[in-house]
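Chemist: Full structure from sequences and hints, please.
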Amino acid sequence: MRPTLFISLLAIVLATAIVIATGMGFLKISPTEVVQVLLARISGRALPEGINTVFPLVIMDVRLPRILTSAIVGGGLAVSGGVFQAILLNPLADPYTLGISSGAAFGASMVLILTIFGITVPAWVSVPLFSFLGALGTLFAVFALASPRDNYSSNTLILSGVIVASILSAGIGFIKYLADEKVGIIIFWLMGSFVGKSWTDVTLTLSFTLPGVLVILYFTRDLNIMALGARTAASLGVETGKTRKILLVWASLITAICVSVSGIIGFVGLIVPHLLRLLLGPDNRILIPACFFGGAILLLSADTVTRAILPSELPIGILTSLIGGPFFCYIFRRRQGGVQ
Amino acid sequence: MMMTSADSVFTIRNGWFGYTKNPVLEDINLSISKGKFYGLIGPNGSGKTTLLDMLIATTPPDRGEVFFKERPVAAYRRQELARLLALVPQDFTLGFDYTVFDVVLMGRHPHIPRFSSPSGKDLDLVENALAVMDITGLRDRTVTDLSGGEKQRVVVARALAQDTEVLILDEATSNLDIRHTIEIMRVISSRVVKTAVTVVAAIHDLNLAAAFCDELIVMKDGKIVTSGPVQEILTDTLIRQVFSVESHVTLHPETQTPRVEYELNKNVLQ
Chain F
1 MRPTLFISLL AIVLATAIVI ATGMGFLKIS PTEVVQVLLA RISGRALPEG INTVFPLVIM
61 DVRLPRILTS AIVGGGLAVS GGVFQAILLN PLADPYTLGI SSGAAFGASM VLILTIFGIT
121 VPAWVSVPLF SFLGALGTLF AVFALASPRD NYSSNTLILS GVIVASILSA GIGFIKYLAD
181 EKVGIIIFWL MGSFVGKSWT DVTLTLSFTL PGVLVILYFT RDLNIMALGA RTAASLGVET
241 GKTRKILLVW ASLITAICVS VSGIIGFVGL IVPHLLRLLL GPDNRILIPA CFFGGAILLL
301 SADTVTRAIL PSELPIGILT SLIGGPFFCY IFRRRQGGVQ
Chain B
341 MMMTSADSVF TIRNGWFGYT KNPVLEDINL SISKGKFYGL IGPNGSGKTT LLDMLIATTP
401 PDRGEVFFKE RPVAAYRRQE LARLLALVPQ DFTLGFDYTV FDVVLMGRHP HIPRFSSPSG
461 KDLDLVENAL AVMDITGLRD RTVTDLSGGE KQRVVVARAL AQDTEVLILD EATSNLDIRH
521 TIEIMRVISS RVVKTAVTVV AAIHDLNLAA AFCDELIVMK DGKIVTSGPV QEILTDTLIR
581 QVFSVESHVT LHPETQTPRV EYELNKNVLQ
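Quick mapping for you: the protein sequence lines, in order, are chains F and B.
The first sequence: position 233 = 233 (the working numbering), numbered continuously.
The second sequence: position 20 = 360 (the working numbering), numbered continuously.
Be a bit skeptical, because a hint or two may be false.
What the hints assert, rightly or not - If you want the footprint, here are the derived chain F segments under chain B, 3+ residues with CB under 8 Å: (1) 44 to 51; (2) 83 to 95; (3) 219 to 227; (4) 235 to 244.
Claimed, not checked - Only pairs whose alpha carbons sit at most 25 Å apart, straight line, appear in this in silico SDA-like list of lysine to any residue: (5) B/K376 <-> B/T399; (6) F/K242 <-> B/K461; (7) F/K242 <-> B/T398; (8) F/K242 <-> B/D431; (9) B/K461 <-> F/A144.
What the hints assert, rightly or not - Facing chain B, according to a computed beta carbon distance under 10 Å, are these residues of chain F, among others: (10) K28; (11) A230; (12) T232.
Hints listed in this document are in silico derivations from the structure and should not be mistaken for laboratory results.
For glycine and all other residues, C-beta sits at the position ideal for the given N, C-alpha and C.
Modeler: Printed below as a string of structure tokens:
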């Protein structure tokens, strides 16, 4: 199949999935009615006759923001996973490799310290804000630790990520110990969820993910060349140090905003790029856009399963890891079998 | 002081690298002329790779200047430099399953504008490089599945497709069997003769260097010991001084190229 055709197909599947998912839930709405409501809202015209007046409310205020947030977060995580795998030359890297998730979790735990000191900020403001700051702080720490002299080589970066993450984990443990029984809010956040996402969340995630994905798409050919190693890539005209830094910072920013909005959702950023690479080959010019749509479809579907199909809502991070983990074991095992 | 002349490709003036008591490179002065095959020889750790990195501007000197075609090499944009010089490294690792064709096409990267597709000329050069290195039959195989010798031919093909006026070889044939070594050296030296490409190659095998190079640059402990035409400088004394090995250098009766025979049972005490 032609790669551009495949990407267009993924885009169509995503659009269809958004419409179908919007209709699913306690109140069933047919896809035709969903499209009619959406068209009426976009064009500003009145609703066609015979559509329940509650539908626009359910679609526009309740379901669509959550569905779009999950799609953007899924796409963002998959794209940044693809970038991390390509830059660190490690097909098992994911958006959390540099310790971003630990940083976010540490930031979120800091909220508990605030409550201990008697400062009360509503959790829906403070948790995302602190986790975003935590993720950013980790990114700075990892870069400060890795030396620019060796152009941020994969080994140095991964090692720095591991060191920073383990210090942060100890910090999280300490805060949990101090917080005693108030620890529930953090634990729930760590499991990831899209419950109650609003248009603010859609705008917030999109305002980082969209420019991030565009910047990454601009550099996809350089990313291909960088697979040959830094020295050879430099001899082929790629500004390796600068390009690595720009791509790592944007991929990390996308991850940070996704984590702060939805909590830690594992495996999407690992599996989607990995699987698509098996299907489409390693060319990032095709792989990265495919990752965006693939990740969006996957996380949106997973979120719809917990929201509308399961009898009671399961934290999305748990669902993706429960399904993604064994599935990944299967691919990993099969690939090893193929090598022998 | 050395001057840069019109046929000079590279000039290094007082090049130093490393601030420690034992610098990696110490006061390097060197001039490389167009259309010649230079062999860079010296023991392990004598600074050959660092010197090559200085030429391709991936390692700027801590002190001193490097000129490429009368302009400081640091003043070139990376892409501009990549259209003029190509590197053939010794080892080649690739984490992802690119095909042989894809990797050789990467040699055209500096010539293809961003978001453009390769032109007919780009594809012709790739086909030509594949044919010259005798790997046309491997074009759709993934590079990770190839043998060491096949991989190295892909690396050379990629550098040939880059179509540059200078080729830098960093022990490009050290991992290859003798047949592929000779094949690659022959292809490269024919480019020197036919299209006046300049080659600077770090080579371990002295006989190989003597057979294919016009001039030798001899390094030891971060310094250039001597340089000049192969016949003039490759002597028993030089080999003893630089490599601490006893040898006999004789001239091949027909080609008049020096041949080195080592005294395998004698050690030289320093």
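Chemist: Next, verify each hint and record whether it holds.
Modeler: Hint check results:
1. 44 to 51: Violated: only 0 residues of the region 44 to 51 of chain F have a Cβ under 8 Å from chain B.
2. 83 to 95: holds (count 4)
3. 219 to 227: holds (count 4)
4. 235 to 244: holds (count 5)
5. B/K376 <-> B/T399: 24 Å, holds
6. F/K242 <-> B/K461: Cα-Cα ~30 Å, so violated.
7. F/K242 <-> B/T398: Holds: F/K242 and B/T398 sit about 13 Å apart, inside 25 Å.
8. F/K242 <-> B/D431: 24 Å, holds
9. B/K461 <-> F/A144: 44 Å, violated
10. K28: Not OK, violated: F/K28 not within 10 Å of chain B, min 45 Å.
11. A230: At about 8 Å, which falls below the 10 Å cut-off, the nearest Cβ of chain B leaves the hint on F/A230 intact, so it holds.
12. T232: This hint holds: F/T232 lies near chain B, its Cβ roughly 6 Å from the closest one there, short of 10 Å.
Violated hints, listed in ascending order, are 1, 6, 9 and 10; each of the other numbered hints is respected by the structure.
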